[in-house]
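Note that the protein sequences, when read in sequence, are chains A, B, C and D. For the first sequence, the positions run 1 to 210 when this note's numbering is used. For the second sequence, the positions run 1 to 210 when this note's numbering is used. For the third sequence, the positions run 1 to 210 when this note's numbering is used. For the fourth sequence, the positions run 1 to 210 when this note's numbering is used.
Simulated from the structure, these hints should not be mistaken for lab results. Do not rely on the hints blindly, as some may be mistaken.
Given that identical chains are not distinguished, each listed pair holds provided it fits within a single copy or across any two copies.
Stated by the list, open to error - Calculated cross-link-like contacts (lysine to aspartate or glutamate; reagent style DMTMM-like; alpha-carbon spacing at most 25 Å): (1) Lys117 x Glu168; (2) Lys51 x Asp175; (3) Lys105 x Asp175; (4) Lys105 x Glu168; (5) Lys48 x Asp170; (6) Lys48 x Glu176; (7) Lys105 x Glu76; (8) Lys51 x Glu176; (9) Lys48 x Asp175; (10) Lys51 x Glu76; (11) Lys51 x Glu168.
There are 4 protein chains.
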Amino acid sequence: MVFFTRCCLLIGVFAFGGGSVEHLHAAPPEPVVRVLVAYHSLTGHTHKMAKAVAEGARSIPGTIVNLQPVNAISAEQLFASDALIVGSPVYWGNMAGEVKAFFDKWQFQFGVFPEFKMRNKIGAAFATGGQRAGGKELTMITMLAAMLGNQMIVVSGGGAFGASATTEGDSPGLDEQELARARALGVRVAEVTWLMKQRHMVSKDSHTTK
Amino acid sequence: MVFFTRCCLLIGVFAFGGGSVEHLHAAPPEPVVRVLVAYHSLTGHTHKMAKAVAEGARSIPGTIVNLQPVNAISAEQLFASDALIVGSPVYWGNMAGEVKAFFDKWQFQFGVFPEFKMRNKIGAAFATGGQRAGGKELTMITMLAAMLGNQMIVVSGGGAFGASATTEGDSPGLDEQELARARALGVRVAEVTWLMKQRHMVSKDSHTTK
Amino acid sequence: MVFFTRCCLLIGVFAFGGGSVEHLHAAPPEPVVRVLVAYHSLTGHTHKMAKAVAEGARSIPGTIVNLQPVNAISAEQLFASDALIVGSPVYWGNMAGEVKAFFDKWQFQFGVFPEFKMRNKIGAAFATGGQRAGGKELTMITMLAAMLGNQMIVVSGGGAFGASATTEGDSPGLDEQELARARALGVRVAEVTWLMKQRHMVSKDSHTTK
Amino acid sequence: MVFFTRCCLLIGVFAFGGGSVEHLHAAPPEPVVRVLVAYHSLTGHTHKMAKAVAEGARSIPGTIVNLQPVNAISAEQLFASDALIVGSPVYWGNMAGEVKAFFDKWQFQFGVFPEFKMRNKIGAAFATGGQRAGGKELTMITMLAAMLGNQMIVVSGGGAFGASATTEGDSPGLDEQELARARALGVRVAEVTWLMKQRHMVSKDSHTTK
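Work out the full structure: start from the sequences and follow the hints.
Below, the structure written as structure tokens:
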């Protein structure tokens with residue numbers, strides 16, 4: 001029964017909506033996926049990672065990427081995105097205060113709650129830190145935790161919890177392997193966002209998460 | 001271009017596939033979403049929560065729920081699921097050893113790696129614990145972390161990180177509010193899984209995550 | 001051999017230092033333990049918890065407690081403390097941005113690194129949040145993680161990871177049980193700090209952590 | 001007043017207890033600090049790290065180190081230790097099931113609760129994992145969380161949260177830098193344990209944590 005309704009709806013939208021495939025192609029707006037890459041960077045490392053993340057996301061056709069420092073992001077930019085990837089340097093085993101302030105702003109300035117305006121957007125994280133096992137995991141996990149609290153849908157990519165780079169020690173700065181992981185995160189997020197987004201475009205039915 | 005192909009495919013499957021809606025309804029296999037609810041329970045509290053989670057998931061039409069103790073789950077059951085919701089009592093701020101052994105089995109017995117056989121399945125968690133702020137969050141977060149490492153797509157529901165219940169103190173056992181959160185988690189996971197699954201059924205194109 | 005040296009040292013300080021017990025009592029400076037309770041509070045809940053933590057610490061004789069909002073704390077106040085207890089409301093499963101900025105300041109303004117100026121001080125945490133299992137644990141854990149990165153010595157108290165209060169729901173605001181946990185945290189930190197501090201006063205030998 | 005009693009006690013034990021330094025040296029039992037290094041190892045990496053941790057602890061005079069696989073440790077061995085350092089390989093972003101089972105045994109077999117028999121013992125952690133940012137931090141943090149729940153006193157060493165090694169990638173197995181970190185953890189734990197332990201030996205007064 002549910003499936004029946006859904007099929008009808010699909011046909012309503014796609015087949016009966018126009019007389020020809022060409023018309024059909026022209027009628028609906030070109031689908032896009034909007035990925036917002038938000039970062040804070042003092043030394044430039046996290047910015048460089050952010051650019052690689054953006055590059056990865058952009059490599060998926062139809063994906064529009066907005067790359068912004070966290071303090072420049074408006075409520076409109078945030079809520080217009082289909083996916084959000086946040087990157088931070090590690091300060092004391094956690095995201096930078098600037099990035100934390102960005103998340104807090106969602107509540108205090110952007111009015112994300114109680115409507116859960118970020119609900120069902122895709123979320124992911126990346127981090128740079130001076131030391132191995134020096135807080136990059138916790139930094140990514142706490143950013144994902146903030147996203148889960150917003151009812152976002154969370155993925156990893158380029159690593160177990162997201163993409164990360166160790167910027168001191170044997171391999172100072174960012175090496176190609178670390179940038180490749182950042183690009184992989186961008187690709188992963190864009191792909192999962194497409195999986196979700198197209199579904200929304202194709203059919204609106206009772207299963208849609210309320 | 002991509003969109004064009006996709007539309008054709010949609011029409012191929014749904015509209016041109018048959019002459020009538022009845023036929024159309026009959027033609028493709030009935031879509032289902034399979035949710036596996038895995039739990040460990042000693043006192044029965046987590047089992048009770050698991051049943052409420054299962055009930056919530058089942059309330060979404062077309063959702064088939066399999067409720068199993070972690071030690072009874074086979075590789076086939078695990079890999080056949082579209083979504084996995086794992087529940088554990090809190091033992092020392094973390095999932096029970098039995099639940100940890102279940103995750104470890106994925107690697108050592110089920111051969112999940114290196115193909116990432118759980119990739120793109122939906123994952124979520126719930127927990128029961130004697131005390132408030134006594135480890136339920138960490139228990140859920142560590143289960144979600146295990147899922148992220150498997151490239152699963154992770155959601156919360158019924159709470160910031162999943163559904164949880166405090167089984168001692170002022171309100172011993174499980175109260176209706178806690179069971180309602182467990183049901184909400186089941187609903188949430190089934191809905192997000194539908195979002196992803198239908199997309200797969202409707203269109204297979206170059207955006208599919210490889 | 002080591003013990004021999006140590007005993008001699010002890011005798012040097014305590015027995016040979018004066019001719020009588022009265023003199024001995026008068027000679028060394030009265031020992032004190034200094035506990036800094038640092039908090040951020042918007043609604044007043046965390047401030048109220050902080051006052052109960054301070055009260056608990058003060059109940060241990062010889063303990064001097066300094067209660068300050070995070071943004072009012074100077075480097076001198078921080079480094080003069082023997083113990084630090086930090087409290088934060090939960091914003092998105094983590095400490096408030098203001099509290100994160102306080103920790104970041106240690107590095108950027110107070111010059112704690114690379115000497116690890118907080119090394120061997122006792123550290124603990126407390127948190128207030130609207131929901132159960134809504135981030136209080138992660139908030140405390142991430143504050144303790146920041147302390148561990150500073151080579152502080154970390155304890156819980158009043159709960160598995162520190163004292164916490166749920167400020168919404170069935171029991172809005174802070175109830176007596178929650179304030180009792182806050183006081184227990186203060187007592188616990190003062191006691192452990194005495195354990196460490198008196199040892200330092202009594203003997204300085206080769207075992208002292210360098 | 002408290003200080004007065006304490007000084008008298010010190011003199012009673014150390015100065016008035018004997019007529020000469022030699023006698024004094026002979027009289028009290030030789031002080032020792034007992035460090036238990038507990039590990040699980042499948043490939044041998046974590047065992048090798050454990051041996052380096054033990055070596056570090058042993059380098060502090062008077063420190064007796066017991067190195068044991070987790071499944072071989074008895075309640076007596078556990079409770080007789082002044083400090084416990086636990087090491088685990090990373091399985092899915094968390095300690096191995098075998099290590100989790102060890103912690104769970106404290107409750108179910110060793111009867112640690114409700115007396116909190118591990119209270120005030122020093123605790124620390126180390127981890128080995130195949131990937132960078134692949135779970136070593138979470139593995140250490142969750143072991144420290146289990147210790148905090150037991151009212152242990154927790155330290156880092158050899159890294160922000162403990163000592164860790166990345167066993168795959170550019171530098172397979174354990175390199176000298178990683179083993180040096182493991183030794184540093186052992187040194188750190190032995191030193192902090194001495195700080196606490198000597199204090200207990202020197203004076204028993206009202207400040208002792210109950």
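Hint by hint, here is what the structure shows:
When the C-alpha separation of Lys117 and Glu168 is checked against a cutoff of 25 Å, the pair qualifies only between copies, where the shortest distance is 22 Å, while the shortest distance within a copy is 38 Å. Taking the shortest Cα distances, Lys51 and Asp175 sit within 25 Å of each other inside one copy (14 Å), while across copies they are farther apart (33 Å). Taking CA atoms no more than 25 Å apart as the test, Lys105 paired with Asp175 passes in neither setting, with 33 Å inside one copy and 29 Å between copies. Taking identical chains as interchangeable, the C-alpha atoms of Lys105 and Glu168 lie at most 25 Å apart only when they sit on different chains, with a minimum of 21 Å there against 31 Å within one chain.
Both within a single protomer and between protomers do Lys48 and Asp170 lie at most 25 Å apart by alpha-carbon distance, with minima of 19 Å and 22 Å respectively. Taking CA atoms no more than 25 Å apart as the test, Lys48 paired with Glu176 passes inside one copy only; the shortest distance there is 11 Å, against 31 Å between copies. Only within a single protomer do Lys105 and Glu76 lie at most 25 Å apart by alpha-carbon distance; the minimum there is 13 Å, versus 31 Å between protomers. Proximity of Lys51 and Glu176 under a CA criterion of 25 Å is satisfied intra-copy only: 13 Å inside one chain copy versus 35 Å between copies.
For the identical chains of this complex, Lys48 and Asp175 are intra-copy neighbours only, at 11 Å inside a copy versus 29 Å across copies, given an alpha-carbon limit of 25 Å. With identical chains, the CA atoms of Lys51 and Glu76 are at most 25 Å apart within one copy only, with a shortest distance of 22 Å there and 40 Å across copies. Only within a single protomer do Lys51 and Glu168 lie at most 25 Å apart by alpha-carbon distance; the minimum there is 20 Å, versus 27 Å between protomers.
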